[in-house]
Amino acid sequence: MSAAVLQGVPATTFDTDIWIDLPSRQYIKVINICHKQGAQLRSNTVVDLTDGSTVNFLYEVHGLHSFAYEFERACTVRWLGHDVRVLPLKRILRSKLVVRRPKDLAHIPLLRDTIRLQHRLKRKAASAPGP
Amino acid sequence: MQRKIAHILKRIKNVRGLSEDEKYLFAKSLAATPDERWQMHQNFLHSHDLFTRSARKKYGFR
Chain A
251 MSAAVLQGVP ATTFDTDIWI DLPSRQYIKV INICHKQGAQ LRSNTVVDLT
301 DGSTVNFLYE VHGLHSFAYE FERACTVRWL GHDVRVLPLK RILRSKLVVR
351 RPKDLAHIPL LRDTIRLQHR LKRKAASAPG P
Chain B
3 MQRKIAHILK RIKNVRGLSE DEKYLFAKSL AATPDERWQM HQNFLHSHDL
53 FTRSARKKYG FR
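Which chain is which? The protein sequence lines are A and B, in order. Note that the numbering used here has the first sequence beginning at 251, numbered continuously upward. Note that the numbering used here has the second sequence beginning at 3, numbered continuously upward.
Among the clues, some could well be false.
[Claimed, not checked] Part of the chain B face toward chain A, derived, beta carbon under 8 Å:
#: 1; residue: I7
#: 2; residue: S31
#: 3; residue: W40
#: 4; residue: T54
#: 5; residue: Y61
[To be verified] With a straight-line cut-off of 27 Å between C-alpha atoms, the simulated BS3-like cross-links for lysine-lysine are:
#: 6; chain 1: A; residue 1: K340; chain 2: B; residue 2: K30
#: 7; chain 1: B; residue 1: K6; chain 2: A; residue 2: K374
#: 8; chain 1: A; residue 1: K279; chain 2: B; residue 2: K15
#: 9; chain 1: A; residue 1: K340; chain 2: A; residue 2: K372
#: 10; chain 1: B; residue 1: K59; chain 2: A; residue 2: K340
#: 11; chain 1: B; residue 1: K25; chain 2: A; residue 2: K340
#: 12; chain 1: B; residue 1: K30; chain 2: B; residue 2: K15
#: 13; chain 1: B; residue 1: K25; chain 2: A; residue 2: K372
#: 14; chain 1: A; residue 1: K353; chain 2: B; residue 2: K6
#: 15; chain 1: A; residue 1: K374; chain 2: B; residue 2: K60
#: 16; chain 1: A; residue 1: K372; chain 2: B; residue 2: K59
#: 17; chain 1: B; residue 1: K59; chain 2: A; residue 2: K286
#: 18; chain 1: A; residue 1: K372; chain 2: B; residue 2: K60
#: 19; chain 1: B; residue 1: K12; chain 2: B; residue 2: K30
#: 20; chain 1: B; residue 1: K30; chain 2: A; residue 2: K353
#: 21; chain 1: A; residue 1: K372; chain 2: B; residue 2: K30
#: 22; chain 1: A; residue 1: K340; chain 2: B; residue 2: K60
#: 23; chain 1: B; residue 1: K59; chain 2: A; residue 2: K374
#: 24; chain 1: A; residue 1: K340; chain 2: B; residue 2: K12
#: 25; chain 1: B; residue 1: K12; chain 2: A; residue 2: K279
#: 26; chain 1: B; residue 1: K25; chain 2: B; residue 2: K15
#: 27; chain 1: A; residue 1: K286; chain 2: A; residue 2: K340
#: 28; chain 1: A; residue 1: K353; chain 2: B; residue 2: K12
#: 29; chain 1: B; residue 1: K6; chain 2: A; residue 2: K286
#: 30; chain 1: B; residue 1: K25; chain 2: B; residue 2: K6
#: 31; chain 1: B; residue 1: K12; chain 2: B; residue 2: K25
#: 32; chain 1: A; residue 1: K340; chain 2: A; residue 2: K353
#: 33; chain 1: B; residue 1: K6; chain 2: B; residue 2: K30
#: 34; chain 1: A; residue 1: K374; chain 2: B; residue 2: K15
In case anyone wonders, no lab produced these hints; they're calculated from the structure. Ideal Cβ placement from N, Cα and C applies to all residues, glycine included.
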């Protein structure tokens, strides 16, 4: 949900999911980088960074197309001084509708409402009289 | 920021299915920049002592 939070969904999450374009058997490459940065390893895919935040590495995302397909259509968000690619809200919603764990179901109304409000704000902005 | 929130609130006041306080929460979030949104999220976790894994464990989160 970190990407959703960055795009305006009023939600919170305990960890940041990062989608890695590698086969999952190569998870050790990612873990080694985290280890060098001083992160504490919690599992093959979960680390706690030195600031206490938790990162979860994903090697596939259910309900979506390939990494390359989604990356091409991703949004760019300025976050902590970096331009990062994030899944658009509609794609996050699509994944949650497929996965349907209790926490995904809880986020679905928030995602839908935010998408609805963003559309409304865009429509209103487009119809507003110019300068 | 408050002016921007008020501007968005005005534009979403007729949206159905959301209470006034929900509209305010959405307006506040939509008015913010990504970094501001992230800071609000971090502040929320800190204020509830839920930022770190060890802190969350105290409250039964895994």
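Taking the hints in turn, this is what the structure says about them:
no. : hint              : in the structure
1   : I7                : violated (12 Å)
2   : S31               : holds (4 Å)
3   : W40               : holds (6 Å)
4   : T54               : holds (4 Å)
5   : Y61               : violated (11 Å)
6   : K340/A <-> K30/B  : holds (21 Å)
7   : K6/B <-> K374/A   : holds (15 Å)
8   : K279/A <-> K15/B  : violated (50 Å)
9   : K340/A <-> K372/A : holds (16 Å)
10  : K59/B <-> K340/A  : violated (32 Å)
11  : K25/B <-> K340/A  : holds (20 Å)
12  : K30/B <-> K15/B   : holds (13 Å)
13  : K25/B <-> K372/A  : holds (16 Å)
14  : K353/A <-> K6/B   : violated (31 Å)
15  : K374/A <-> K60/B  : violated (46 Å)
16  : K372/A <-> K59/B  : violated (42 Å)
17  : K59/B <-> K286/A  : holds (26 Å)
18  : K372/A <-> K60/B  : violated (43 Å)
19  : K12/B <-> K30/B   : holds (12 Å)
20  : K30/B <-> K353/A  : holds (23 Å)
21  : K372/A <-> K30/B  : holds (16 Å)
22  : K340/A <-> K60/B  : violated (35 Å)
23  : K59/B <-> K374/A  : violated (45 Å)
24  : K340/A <-> K12/B  : holds (25 Å)
25  : K12/B <-> K279/A  : violated (50 Å)
26  : K25/B <-> K15/B   : holds (8 Å)
27  : K286/A <-> K340/A : violated (35 Å)
28  : K353/A <-> K12/B  : violated (31 Å)
29  : K6/B <-> K286/A   : violated (42 Å)
30  : K25/B <-> K6/B    : holds (14 Å)
31  : K12/B <-> K25/B   : holds (10 Å)
32  : K340/A <-> K353/A : holds (17 Å)
33  : K6/B <-> K30/B    : holds (8 Å)
34  : K374/A <-> K15/B  : holds (12 Å)
Hint check: violations occur at hints 1, 5, 8, 10, 14, 15, 16, 18, 22, 23, 25, 27, 28, 29; the rest are consistent with the structure.
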